[in-house]
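Please take these sequences and the hints and turn them into a complete structure.
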Amino acid sequence: MKTVFVVYADDNVGTAVLEPISAGDSVASNGERSDIQLTARADIAYGHKIALLDIAAGATVLKYGLSIGSATRDIRAGDHVHTHNVESNRGRGDLAES
Amino acid sequence: MQQFMGYRRANGDVGVRNHLLILSGTVYANGVVERVADAIHGAVPVTHANGRCQVAPDLRVTRRFLAGTAMNPNVGAVVIIDHFKEEGMTAEDLADDIAPTGKPVATVNIRADGGYINALAKATRYAQDFARQISRLQREPASMSKILFGTECGTSDTTSGLASNPANGLAGELLIAQGGRMLMAECTEWMGCENWLTDKAANPSVAAAIIAGVQHMEARALASGEDIRGSQPTGDNMAGGLTTIEEKSMGAVKKIGDSPIIEHLDIAAAPTQTAPGNYVMYGPGMGAESISSMAAAGCQVLTFCTGGGHTSNHPIMPTIKVTGNRNSYELMRDTVDVDVSGVFTGDLTLAEAGQIVYDEMARVCSGYLTKSEALRDNNSFAIHRVGPSI
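Keeping their order, the protein sequence lines are chains A and B.
No gaps in the numbering here: position 11 of the first sequence is 65 in my numbering, and each next residue is one more.
No gaps in the numbering here: position 256 of the second sequence is 375 in my numbering, and each next residue is one more.
Don't take each hint at face value.
Just a sample of chain A residues kept apart from chain B, beta carbon distances all over 10 Å, derived [what the hints assert, rightly or not]: (1) 80; (2) 86; (3) 90; (4) 93; (5) 95; (6) 96; (7) 103; (8) 115; (9) 128.
Simulated crosslink set (SDA-like; lysine to any residue; CA at most 20 Å straight-line) [what the hints assert, rightly or not]: (10) A:56 - B:468; (11) A:56 - A:124; (12) A:56 - B:467; (13) B:204 - B:236; (14) A:56 - B:359; (15) A:56 - B:445.
Note that these hints are calculated values from the structure, not bench results.
Cβ atoms here follow ideal geometry from the backbone N, Cα and C, with glycine treated the same way.
Below is the structure:
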């Protein structure tokens, strides 16, 4: 069993800060949300994030109980959460209203 | 209300230390300053590279750093040693700034007082008198509401945003509940979470000042030809697991808690408000300049949250290092005071870690030496420059 750390109870991602995780590993959460049990669907390097729950495309990714961006595609519990499936909502000149 | 044992000053401030400060007015007085401090019991030298050939706005910032350091409640008395008379920042100008605090101040001018050796003798006699004078002051109970608690983060890593910074924010909440104030600088690191900060602003002018401060720092960075924003988070941040600028900045600003932001301060400027809560200050991410700006604003104690471990220590403001990285604590335990890595192993809740940080801060306020104080490693006095030497 591998462990990921969850910093706030509202978060839908956890961080691999104790050990790296390999696809197929059983994963439990600790920290402020210790009820999660899942199977990793991808390798999660030290310091990287794993989805604790399913996150629909367009939904908010929460860490620190706050938005760190939006999902760009459907994310399933156990997926690696990073730049390939999350985008920032800040400093987005390309999204500015004309 | 919780109390600590501190040194009550004439103006009502309460220090957590009772330092005799030997302060250099200019780079060319540094040698005399070092020798005086070396000769006198308990004297702390503060030297620097400034005080000559600075443009006026830059010299005004230097003056705020120097006068503010001397005005800090942790300083019981001050001997200022100067060389020439720099227009707008003579030793007498600094003494005028310090005078309202009521603490003993003496000035020595190397040229006017008859050269190096005579100035050294004169300053040493002042320092001897002051050392004995302030030694009569005893610690007495004071409310924690008197504490202005500075906070900094440096050499951050994955653990910083997850453990040491949020634990520190909770420690700040505990102090604010006692009527105290917490100060955070490093506005470079607010980029990407300005909204989180402005949502806490006590009024619209504070919110506007937060936005303006970040924009000003960003403009200075861009003027240097360096685009620090277009490339955030950096490649090594992303390799380390940080996905967006929001995520990176949140980890940094979580070192303050969720209390209202009462005031936005210019660099090295003291708060004008006394209301409990968070205070924020314009300034760079450079650690020594940042913590020196907070000491100049009057912070009596500071927590320095670090991922990789750190040696930073300000000469007159105890600098408590806190880490959430167990390896860094083991490697750097000579200078890192608090290990909160237990939040990752389930040995500590974040709330417990916050209490540990608060308790350490409160003990230091009553006189407990930090590890770096015990080593007398006063490495982190630095003055932020806003103009070129000319």
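Going down the list of hints, with the structure as the test:
no.: 1; hint: 80; result: holds (17 Å)
no.: 2; hint: 86; result: violated (6 Å)
no.: 3; hint: 90; result: holds (14 Å)
no.: 4; hint: 93; result: holds (20 Å)
no.: 5; hint: 95; result: holds (17 Å)
no.: 6; hint: 96; result: holds (13 Å)
no.: 7; hint: 103; result: violated (6 Å)
no.: 8; hint: 115; result: violated (8 Å)
no.: 9; hint: 128; result: holds (17 Å)
no.: 10; hint: A:56 - B:468; result: holds (19 Å)
no.: 11; hint: A:56 - A:124; result: violated (26 Å)
no.: 12; hint: A:56 - B:467; result: holds (18 Å)
no.: 13; hint: B:204 - B:236; result: holds (19 Å)
no.: 14; hint: A:56 - B:359; result: holds (19 Å)
no.: 15; hint: A:56 - B:445; result: holds (18 Å)
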